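Enquirer: Read in order, the letters of the sequence shown are residues 207 to 465 in my numbering.
To be clear, the hints were calculated from the coordinates, so they are not data collected in a lab. Keep in mind it's a predicted model, so treat the numbers as computed, not measured. Be aware that a few hints might be false.
What the hints assert, rightly or not - Lysine-lysine pairs mimicking BS3-like chemistry, simulated, CA-CA at most 30 Å apart:
#	residue 1	residue 2
1	Lys-270	Lys-214
2	Lys-214	Lys-334
3	Lys-370	Lys-327
4	Lys-370	Lys-342
5	Lys-214	Lys-235
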Amino acid sequence: MQPIFTTKITKFKSNDSFECDDILVREIKLDINVNGAKAGSMMATPTDVEALGIGYLLSENIIKSYSDIEHIDFNEAELALNITARIDEGSLNILTTENVIISGCGRSVTASVNPANMKAKVIQNDIKFKRSEISKQMGEFYTQCDLYEKTGCVHTAKLMIGDKFYIGEDIAQHNTIDKAIGKAVMDGANLRDGILMVSGRLSSEMVVKAVTNSIAVLVSRTAPTSLGVLIARRFNLTLCGFVRGENLNVYSGAERVYA
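Using the sequences provided together with the hints, build the complete structure.
Expert: Right, dumping it as structure tokens:
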């Protein structure tokens, strides 16, 4: 399934009007089925669907590692991702019975927003990133983002591990993180060595996804929420916002950023 489609529009420009083709991003309702049972649905862009499912299950503690996945298949006709895996039944039950409507785009749920319910431990990681490198990477943020270049209508996450980038693009920001994480673990990368960069706000669910997956540094061009900062501080996550030019704000874990 193509992630974009073309439609005719009427464009007004100065005193003129004319018909032309416009490229739009495709939006679908994706069902995620785990071991034959529906685990949830999300509004998504139909790219990297398998990576999205894997990242989502990791972020919700339903699986512990990529090796828990036994089979995964995207049924395009039914818009369903079917996964067979060794799972944590308790985490799956929490997701389906105690989920929270999150602040991301679309109507999505998570069971991991409440810090009291998070299974991730405090991040113990001495990794450091130079301030100028963080600024450089954020300055080049959109240079590898094909869907954004074509449509201007998606969020983006870039997970940098060593000299490799894992990119997630989607209409929903939380999906971009799951896609980037899913692609990284499918490639055998160590998430603890990474820095996660996102295009939008640093709300609680974005912070939780980083913490749950032991990613020590989360960066954005925009602001965090108060709960996002509190969770980052509780779990020793380095949280950087307003990374623009040579400037950035560090809200938590400043010891991992050096001049």
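Enquirer: Hint by hint, note whether the structure agrees.
Expert: Verification of the supplied hints:
no.	hint	in the structure
1	Lys-270 - Lys-214	violated, 46 Å
2	Lys-214 - Lys-334	violated, 49 Å
3	Lys-370 - Lys-327	holds, 26 Å
4	Lys-370 - Lys-342	holds, 15 Å
5	Lys-214 - Lys-235	holds, 24 Å
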